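Protein chains in written order, with our numbering: chain A, 1 to 535; chain B, 1 to 411; chain C, 1 to 291.
No wet-lab data here; the hints were simulated from the structure. These numbers come from a predicted model, not from an experiment. Each residue gets a CB set at the ideal place from its N, CA and C atoms; glycine is no exception. A hint or two may mislead.
[Said to hold, decoys possible] A short, non-exhaustive set of chain A residues, derived as facing chain B with CB atoms under 10 Å: (1) G144; (2) P330; (3) P452.
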Amino acid sequence: MSYSDTAHHGDDHDHHGPAPGLKRWLYTTNHKDIGTLYLWFSLLMFFIGGAMALIIRAELFQPGIQIVDPMFFNSMTTMHAIVMIFGVVMPAFVGLANWMIPMMLGAPDMALPRLNNWSFWIMPFAFTIMLSTLFMDSGGPAGGWTLYPPLTLQMGDSFAFVIFAIHFMGISSVMGSINIVATIFNMRAPGMTLMKMPLFVWTWLITAYLLIATIPVFAGAVTMLLTDRYFGTSFFSAAGGGDPVMFQHIFWFFGHPEVYILILPAFGIISSIIPTFARKPLFGYDSMVYATASIAFLSFIVWAHHMFTTGMPLAAELFFMFSTMMISVPTGVKVFNWVATMWKGAMTFETPMLFAIGFVIMFTIGGLSGLMLAITPADIQYHGTYFVVAHFHYVLVPGAIYSLIAATYYWIPKWTGNMYDEKLGKIHFWTSTIFVNVLFFPMHFVGLAGMPRRIPDYSLQFADWNMIASIGAFGFGFAQLLFVWVVVKCVRGGAKATDEVWEGAVGLEWTVASPAPYHTFETAPSRQLIDKNHF
Amino acid sequence: MRTRKHWLPMALVIAALGIPLLGMPLAAIAGYGDVLNMPVGVTEISKKVYGLHMLIFKICCVIGALVFAVMIYSMVMHRKSKGVTPATFHESTTVEIVWTVVPFVILLLMAWPAAKVLIQMEDFSDSEMTVKVTAYQWRWHYDYIDEGVNYYSQLAADHNVARQKDSGVDLSGFENYIREVDNPLVVPVGKKIRFLHTAADVLHAWWVPALAVKKDSIPGFINENWARIEEPGVYRGKCAELCGRDHGFMPIVVRAVSQEEFDAFIAEQKAAGQTAELDSERQWAKSELLARGEEVYQRNCVSCHQANGKGIPGMFPSIHGSEIATGDIVRHLQTVMDGVEGSPMQAFGSSLSDIDLASVITYQRNDLGNDMGDVMQPYYVKRLRSGTTSVSALDLELNSLTSGISTGVSN
Amino acid sequence: MSAASGSGYYIPHEAKWPIVGSIGLYLFFMGFGKLLNDQALGTPLLVAGSVVLIVMMFGWFGLVIKESEAGTYNTQVDVSFRMAMMWFIFSEVMFFAAFFGALFYARTFSGPWLGGEGAGGAAATNAVLWSGFDYIWPNNGPGRVGGDYQPMGWFGLPLINTLLLLTSGITCTIAHHAIKDGNRTKMVKWLAATCLLGGIFVLCQAFEYYEAYAHLGLKMTSGIYGSTFFMLTGFHGFHVTMGAIMLFVVMLRGGRKHFSAENHFAFEAAAWYWHFVDVVWLGLFIFVYLV
Ligand code: HEA
Ligand code: HEA
Ligand code: CUA
Ligand SMILES: [Cu+2]
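The following block holds chain A by itself, in its conformation from the complex (with noise of 0.2 Å):
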């Protein structure tokens, strides 16, 4: 649905730099900006989130209660948990799709462009609202993020605003995702066919369905919520015919495709970082595609392996483990090909591959102890337990926390047009990796003996894990300042990037100048070029 004539730009404007001044940021519909906009947004929110998972493993150091009281523990596992999901690995997949979908496809910017100013400038009102109900007189959520009724129904006063605040995200998630889908069939230049896309393109496209389709779903949970709260409506009551137990499928309905959300834009970097490092076209891209479309398809049929101690009927039991499980095979196809990829390649290790590798290695321990969950018999017992914690930070930190960092060290020098500090990015590396496993790995292990999760006390023999999970938790959280440090200074200044940057990349992107220009593609690139340019 390619046009030929497509893309350079309305004749009603001659300026071609940003607006000067706070204007250029609050006014903006250049894909560049909002991009950028998204990408600091997350990297605050990352260390809010990242202070509370601090609060978190503080108060866990020891057995006993030392810090916190009980319900503000509860309320950072809570906060912690929607502002790393919402308000860090989200927006900040999306600030990537604005920086790079653009140019990835020959695009002179997004599809919609106002409408992609107001599906960020959302966020910090929604994030404002959320994080101000911790100041409030009854405290913050403090019934886990997933807001299980009847629990999450006894909150006070600030029920009302969590509630709005997740329907604020749920407005810009849709939006921001609606842009996205318009501009990958829309906006890309002709010849850019959506086989010879990058994964990183078509990854976000399935991501972008997931969420059209499902943030509506939450959005209607906690409206029932919020009704049954104020107007009595009785959806999760038992008493008046509905039941607590509802929620949960209708949650995960949403909850177990968003968990998918949050790793798909994950594998597209992935799979753009791996090749250029190794120097050989990536290994299988057309099973990648298919692969990635059978997990987002596959997604919306496994919800309820998070509910296997509900009572549900055998049958649905078995069904729901069956399912899950089978995920585990497009999930494998996408290893296997990364790992096919560096096969006889030529690879070298800078910053952004060592994270790729990381992620590889270690996102396939968390789906492993995934696939062990599945296990509906054994899940019984693995169940609300650290185990459980264990399995989705694997996936969560190592995996699309990684994917980030190495997304952001991967483009900088195309942002910025600077090399960012390659030592420090190593060490930046080095540290998180040890640490992160420090961190999560000793969870596997208080888990399966017996520790449960959201819980700010532990009896007297989990002890020594969970001191060493602090200490891991505080070398991590302190490693990523070093990050900050890093993106800084690289800002700032730095050796000047060449305009390919990396020796062996390909794609679209590394056609323009470094830095980037405030706009690209303007005129499409020419289909020589695009076939130049893809794998």
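Go by the hints and put chains B and C with the ligands onto chain A.
Coordinates of chains B and C with the ligands only, in the frame set by chain A:
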């Protein structure tokens, strides 16, 4: 020299992987065995689950080891610094089919035993006794349905004191810190026990790892579960579903005993029930009520209203100076018996005995900074409960009594 | 909008309305939240937010209309708009799906379980907790939450409403054909009819609610039946209102000589939306009223 430098990352990758992988057996040797892995447990099911867990764990380890081995080999051998020229292949239908089909087959091999165990777990037929387990914020209520015996079970009082923030208690003195309860669940070994799970307020989950049972307690619904314990012993568990502020302090203790011991236990409980019955007949002295009331308060109310009765502002109201606790005594009783709809203040009418209710009311009115001077007697509670007195009648009766107090008559 | 072919993809600079929109939303929902909690300043914030949002919509849509009429948008921009509208409607479908899901779940699972049918603990649920409760739909739960009520039949108002909406779908299509033939006056006429039918629908719906509350004892608090009934029909009614407003604006624009046989995306967007609302109603009519 270049080569050396490039070896460093490799060595570190291996080290980073090696630490966790080697760390596990090492830690096991160092005596951490029981905090590394799932317990084998004491039921047939728990043993099967353990076996299943180990099976999938080992398969996962093998898969992981293979994938990482290939990766590491490639990283070592196919480095640019070794002067290799990159290959250019980028697909192979055969290979791709193989690595789709082989994992699928592996999955089938896992799914089969898993389904078998699951089907067995979900077979509730032929149970020999039934215990209804009702979860409250934050304690358990056990009801031996066939025996007519029931009681509450919650975090042991000394643990409850120790676990408070800034309690200053040395935890190392507690062998089973926050895993001890006042009244454990007592069950016979060798019998198929059916558990009926439900909750009074929010979701909870009754979990005892050694029995491999975990089922959510859902208000308004009953979930079934079962266990047949093979060895006598004490098995500890926890609430496994977030249920609010004190979710971490809802331990479970199951004492599995021989059938004779179990029968004796039930007989004892029945006798105790009769004493309680007598208790509510007689007139109690105020001091008796206050002493008992403090105990009841410590056990049931402190988690919200706090030891000093000041509550937690914005969450749990203060009892000190509370309008209700210093107001009409019957309304006070009703509040505690019926709870406050839509708040964590649950209805204690069904969970506390007459004497417990009477004494905690008396305690709240005359301690915690209050000084009302009036008392509640258990027989009033009993009468109200059984419907032999209406609220208004009791109100009248008690109020005349209270005015009596203020004129000094009852001294 | 006219397709000035040849000019490139229009990328506006300096979008001022989005941030106004965010502020509007912020004020609106802060106000609403405070209102729900009986806190101070609820109503003023709510009103202020609504005003800002309305101003934003006038400003933003006005700008787009102006640009469109000035021929700023080429066909490719037009396609972007179409895709956006399409997927927006899809997201709305999923929003309704959540509530339909709740309805189906309550009717096929939790309801029968409470009534003692099904495996697992269903029998005990009924015997121990809710003995005497027989499950039949509709119901307000074993606790008879909200008290006695009569369910809303399908005959009468709901049936009339169905006919109204179906007819409005037809009139809307006639209007569409009219503009495709370049007959703007006819378009305006048939749009007016569509809006009128939509308006009558909303009024009937309001009357039905009045009936429910005043005479049937059927309230939002009437257990799961009341909950699903009012949430589904309520959100639907809200969407009808929005759709009718959109069509009304399109009609006014038609009166101002906007749109041509080739370019009338705003009309089509509104029409798609209208059909979507229509289809949702059919689902409602079947699953909420009929069966
Ligand atoms: C990025 C996020 C992410 C990802 C990608 C995944 C991936 C997977 N998850 Fe995870 N999960 C979460 C985030 C994620 N999860 C979160 C946040 C929770 C907790 C929510 C909460 O309760 O708060 C959770 C919880 C969770 C549970 C519920 C646990 C419980 O509460 O009891 C289950 C159960 O089945 C599960 C399973 C899986 C599976 C099977 C995968 C699979 O996709 C993994 C597939 C990958 C592999 C298997 C590895 C690579 C494959 C190979 C090398 C091929 C060969 C392999 C074989 C043939 C075995 N997850
Ligand atoms: C993308 C998602 C994501 C990410 C990145 C993380 C990152 C981390 N999480 Fe996360 N976590 C979740 C998602 C995530 N988590 C989810 C979904 C849950 C479940 C919630 C629930 O049960 O409802 C959870 C729950 C959870 C728990 C369990 C809590 C409980 O059950 O009670 C713990 C405990 O250790 C934990 C720890 C951490 C740590 C230490 C990190 C570290 O990676 C964080 C790194 C730290 C920093 C980046 C800090 C940097 C800050 C400084 C150095 C200080 C400077 C400070 C300022 C400038 C203010 N998390
Ligand atoms: Cu009860 Cu957690
Ligand atoms: Cu999942």
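Against the structure, the hints come out as follows:
no. : hint : result
1   : G144 : holds (5 Å)
2   : P330 : holds (8 Å)
3   : P452 : holds (5 Å)
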